[in-house]
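*Asks:* Sequence:
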Amino acid sequence: MGRDFCVQIIVLLSLILIALFIRTCQAGAIAIHWGQSSYEGTLTQTCASGKYSFVNIAFLNKFGNGRNPEINLAGHCNPHSVNDCAVISNGVRYCQSRGIKVMLSIGGGTGSYSLASTSDAKDFAYYLWNSFLGGKSSSLSQRPLGLDGIDFDIKL
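Mapped onto mature numbering (1 follows the signal peptide of the UniProt record, and there is no 0), the consecutive letters of the sequence shown carry residue numbers -27 to -1, 1 to 129.
No lab work stands behind these hints: they were computed from the structure.
Some clues are possibly wrong.
Here are the simulated lysine to any residue pairs, SDA-like style, with alpha carbons at most 20 Å apart [claimed, not checked]: (1) LYS35 <-> LYS95; (2) LYS95 <-> ILE123; (3) LYS95 <-> SER85; (4) LYS24 <-> TYR67; (5) LYS35 <-> ILE127; (6) LYS128 <-> ALA94; (7) LYS74 <-> ASN38; (8) LYS35 <-> SER92; (9) LYS35 <-> ASP(-24); (10) LYS24 <-> GLN9; (11) LYS35 <-> PHE(-23); (12) LYS35 <-> ASN103; (13) LYS24 <-> SER11; (14) LYS35 <-> ALA94; (15) LYS74 <-> GLY39; (16) LYS35 <-> ALA21; (17) LYS109 <-> PHE97; (18) LYS109 <-> PRO42; (19) LYS128 <-> ILE5; (20) LYS128 <-> PHE97; (21) LYS95 <-> GLY37; (22) LYS95 <-> THR83; (23) LYS24 <-> LYS74; (24) LYS95 <-> ASN38; (25) LYS24 <-> ASN38; (26) LYS128 <-> ARG66; (27) LYS95 <-> ASP126; (28) LYS24 <-> ARG71; (29) LYS35 <-> GLY14; (30) LYS128 <-> GLY81; (31) LYS35 <-> ASN51; (32) LYS24 <-> GLY72; (33) LYS74 <-> PHE125; (34) LYS95 <-> GLY122; (35) LYS74 <-> GLY107.
Beta-carbon label-pair distances, calculated as ranges [unchecked claim]: (36) GLN69 <-> LYS109: 16 to 22 Å; (37) LYS24 <-> ILE(-18): 37 to 43 Å; (38) ALA4 <-> TYR99: 24 to 30 Å; (39) GLY122 <-> LYS95: 55 to 61 Å.
All of these numbers come straight from a predicted model, not from anything done at the bench.
No residue lacks a Cβ here, since even glycine has one placed at the ideal position from N, Cα and C.
Taking the hints into account, I'd like the entire structure generated from these sequences.
*Replies:* So, in structure tokens, the structure goes:
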């Protein structure tokens, strides 16, 4: 009986250790691309669901090679109209207040994007920094959004 008890203890301890190991290995962070369907709700609603650790605003799908950068938000707002996207900046702040990282997704499956030169790449990086990240450009209304980073969804 003493031997059976020891085997049971060893099996129990092994199961506990395996369970603890599995728990620490789970990533537990779910990301979503937001901005491509008017049926998905607002950015604030997406973050309020509690389902996501990362929200990628999708997509900035036109840039480089002499093109003016354009973001496609599928009807959530009109980026060409002054203050029409204020709801997005409010959503970004709400998400970040809940500990959710908000990124800008560039590229995507459709669009027109390429970088023709080193100078073109630097200009685009300057635009991203001052429009979406931590830049200080005073010429852009409702910007910078203070996003947490960039998601590269480049399709070749």
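*Asks:* Please name the hints from earlier in the document that this structure breaks, with their numbers sorted from lowest to highest.
*Replies:* 7, 9, 11, 15, 16, 22, 25, 26, 29, 39
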